[in-house]
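K.L.:
In case you want the letters, here they are:
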Amino acid sequence: MSAEPGTHRIHIEHVTRVEGHGSLRINTRAGAVEEVRLEIVEANRFFESFVIGMQPHEVPQTVSRICGICCVGHQLAATKAIEAALGLAVSDQTLRLRKMLNESQFLQSHALHVYFLAMPDYLGAKSVLPLAQSHPDLVRRALKLKKLANDYTAVIGGRTLHPMANTLCGWRKLPDRDAMAEILARLRESVTELQAMTEFVATLKFPALERETEFVSLRHPQEYALYDGEIVGSDSDQLLAVSDYRQACNEFTVEHSTSKWSRWHRESYMVGALARVNNNFDQLHPRAQQVAEELGLRVPCYNPYLNNTAQLVEMVHCTHHSIALLEETLDLGLQIEDVGYVPRAGRGAGAVEVPRGVLFHEYAFDDQGRCCDADAVIPTSQNVSNIERDMRAFVPQLLGQVGEQELALHMEMLLRAYDPCISCSVHMLDVEFV
Amino acid sequence: MKPKVAFFDFAGCEGCQLALLNCEDVLLDLLEVVELVEFREALSERAPRYDIAFIEGSIHREEDIERLRDIRARAKLLVALGACACNGNVQARANLMAPAQNFERVYGEEARDRVQVSPRYWPLWAHTRVRAVHEVVAVDYSLRGCPMVAEEFLALVKAIVTGQIPRQPANAVCVECKKNGNECVYDRGLACMGQIAYGGCDAVCINGGHVCDACRGLLPYANLDAHRALLRQLGIEEREIAHRYRLHLCGEMMGKELLT
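Top to bottom, those sequences are chains A and B.
Letter 223 of the first sequence, counting from 1, is numbered 223 in this note's numbering, and no numbers are missing.
Letter 79 of the second sequence, counting from 1, is numbered 513 in this note's numbering, and no numbers are missing.
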């Protein structure tokens with residue numbers, strides 16, 4: 001403990017159980033917050049620079065490499081942006097396949113995050129490994145759900161990591177019918193597993209900390225927006241076209257940090273599972289709405305720790321929605337489509353919801369059909385400002401009640417609740433030398 | 435005593451660690467034969483010495499070089515895990531441009547100027563080169579590919595744990611592709627890199643309807659001239675051929691004729 005009560009110097013280097021490298025610095029003096037900083041320590045990778053010169057169809061599989069966990073999201077956002085730039089249309093079949101590909105990634109990423117990265121904190125463990133002994137059923141169930149999601153991605157996309165079947169205008173090689181039928185059967189079975197998971201998560205005690213903020217996500221007139229939609233913020237009813245995404249992200253720099261921050265209608269906003277559930281609750285599958293209730297998640301919900309429960313709600317939604325999509329696809333059958341295209345000059349933006357929030361990509365191509373400009377706005381960089389503001393709000397509330405170690409743990413848990421993906425976001429953030 | 439195994443991530447997408455976490459069926463069995471002592475993405479613990487250190491990602495900054503040397507000094511065996519660690523992968527394309535140009539393209543002119551003028555940012559000039567792990571420290575084994583192949587990972591660990599010499603055959607992607615009975619993509623007039631690239635991936639991209647991009651790196655005996663001649667015969671332009679070699683192989687081709 002520090003000499004002066006309420007004075008702490010907390011510095012957690014290379015925060016564990018998050019994707020990518022980040023450090024957390026929290027300084028307090030006599031019960032007041034002096035400094036809260038989430039520092040990005042990952043090396044720059046310059047994706048937006050080195051895709052320049054590429055041909056349109058090469059870009060999606062290349063930017064997939066921005067992030068292993070969100071590879072599907074990056075390639076889908078890029079595919080949509082490039083199709084917009086080149087004026088290419090896709091069939092209903094391709095739309096269904098892409099929705100399935102995207103939802104398979106939601107199931108995988110949420111399962112990994114809820115059970116392997118976030119859960120250990122709530123069960124007093126340092127990692128999922130001790131849980132294999134103490135909670136064997138839980139770990140077995142989590143592994144089973146994750147494996148199902150991975151196999152689902154592989155069946156639709158060609159493989160689990162950096163799938164290659166999806167390209168501009170459609171599928172290079174269509175998924176196998178029998179393999180899809182098997183995934184469908186396993187998804188139906190997994191409904192009971194998810195129920196057991198829900199019952200377990202309902203017993204966990206999440207910190208009761210709230211801070212009102214704006215929630216930003218996509219919104220679609222017909223469905224719970226994951227693959228498609230326009231941009232919506234909870235502070236306004238106005239929808240914003242995806243091509244105007246810069247008006248929503250409003251990247252800006254602040255004096256005390258060299259990171260780029262985002263704000264829209266107020267000083268910061270949140271994207272991700274909790275933002276989507278808050279914004280589009282009515283469009284969730286009825287079963288997912290029921291699960292939200294069982295987990296005590298009532299909208300609007302301003303407790304960021306409950307992002308983990310929102311992820312579980314979305315797993316239930318994606319499972320039921322995927323069952324419907326697979327049934328429809330098996331009913332209609334799949335037709336081989338021409339994926340040829342004529343390159344041309346143009347600029348286009350694409351957005352897709354990925355597990356961590358709304359992701360924007362934009363590309364421009366020159367007369368030769370080569371990429372000449374690229375931009376990506378990543379969920380985690382949109383969340384950074386909101387995470388820091390949560391910490392500034394919660395640290396004083398916790399100071400009197402908990403010691404330094406527990407305070408640090410609470411802040412790590414808060415950071416993990418946002419499921420930050422720092423590999424993704426580093427290319428949007430300036431490097432801070434400490 | 436179970437061998438102590440650790441994972442370290444440098445610049446990359448962390449997909450290779452994920453590929454390991456995706457081996458759900460064998461993950462718990464694996465932990466019966468090795469002791470996992472460091473794995474930042476999944477564990478909160480840290481350890482002083484390792485029997486096997488797996489390095490994921492490529493090496494970009496001076497501080498990364500120091501960290502890597504420190505790990506090497508504390509590890510009996512060091513394994514480069516995945517394409518970024520083995521040859522720099524697509525990230526090595528950043529080497530084609532000056533650091534200031536990269537900064538300008540991603541962060542804008544103001545950031546570019548700041549990087550050039552302020553001494554605080556000078557360490558970033560180490561960024562002129564994206565390095566593979568073997569360019570910085572000695573590497574005992576390489577697990578190639580973007581992402582790495584889980585079966586190869588498990589075979590390597592099994593061999594090390596049981597005291598055998600790991601076998602990593604250097605066959606072209608074409609060998610597996612032919613075994614799988616795929617139609618050769620040359621028949622569709624596409625530029626495939628399978629002839630000159632390390633196999634071991636079961637030709638997964640061609641199975642999936644794509645071409646080989648050579649993410650597993652150049653075979654040591656690959657006849658690049660013959661490969662280029664074949665691509666020319668297919669009517670693929672010189673510029674496009676050079677472009678194909680730049681996609682995943684920039685780190686290996688840097689300074690060589692094909693990049694000019």
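None of these hints come from the bench; they were simulated from the model.
Everything numeric in this text was worked out from a predicted model, so none of it was measured.
Even glycine gets a Cβ: it sits at the ideal position worked out from N, Cα and C.
Among the hints, erroneous ones may be present.
[As the list claims (entries may be wrong)] Here are a few chain B residues that face chain A, going by a calculated C-beta distance under 7 Å: (1) Cys-447; (2) Cys-457; (3) Arg-495; (4) Glu-496.
[Claimed, not checked] Only pairs whose alpha carbons sit at most 27 Å apart, straight line, appear in this in silico BS3-like list of lysine-lysine: (5) A:Lys-173 to B:Lys-613; (6) B:Lys-592 to A:Lys-144; (7) A:Lys-126 to B:Lys-613; (8) A:Lys-126 to B:Lys-438; (9) B:Lys-510 to B:Lys-592.
K.L.:
Determine for every hint whether it applies to the structure shown.
P.N.:
Going down the list of hints, with the structure as the test:
Nearest Cβ of chain A to the Cβ of Cys-447 of chain B: about 4 Å, under the 7 Å cut. The hint holds. Violation of the interface hint for Cys-457 of chain B is found here, the shortest Cβ-Cβ separation to chain A being roughly 9 Å, above the 7 Å cut-off. At a threshold of 7 Å, the smallest CB-CB gap from Arg-495 of chain B to chain A is about 5 Å, leaving the interface hint in force. The closest approach between the C-beta of Glu-496 of chain B and any C-beta of chain A is roughly 10 Å, which is over the 7 Å cut-off, so the hint fails.
Note on Lys-173 of chain A and Lys-613 of chain B: the hinted pairing holds, with a Cα-Cα distance of about 19 Å set against a maximum of 27 Å. Of the supplied pair hints, the one linking Lys-592 of chain B and Lys-144 of chain A holds, its CA atoms being roughly 24 Å apart against a limit of 27 Å. Annotation: proposed proximity of Lys-126 of chain A to Lys-613 of chain B is violated, straight-line Cα distance about 45 Å (limit 27 Å). Using a Cα cut-off of 27 Å, the hinted pair Lys-126 of chain A and Lys-438 of chain B holds, with the two alpha carbons roughly 18 Å apart.
At roughly 16 Å between alpha-carbon atoms, Lys-510 of chain B and Lys-592 of chain B fall within 27 Å of each other, so this suggested pair holds.
Taken one by one, the earlier hints fail for this structure at numbers 2, 4, 7, listed in ascending order.
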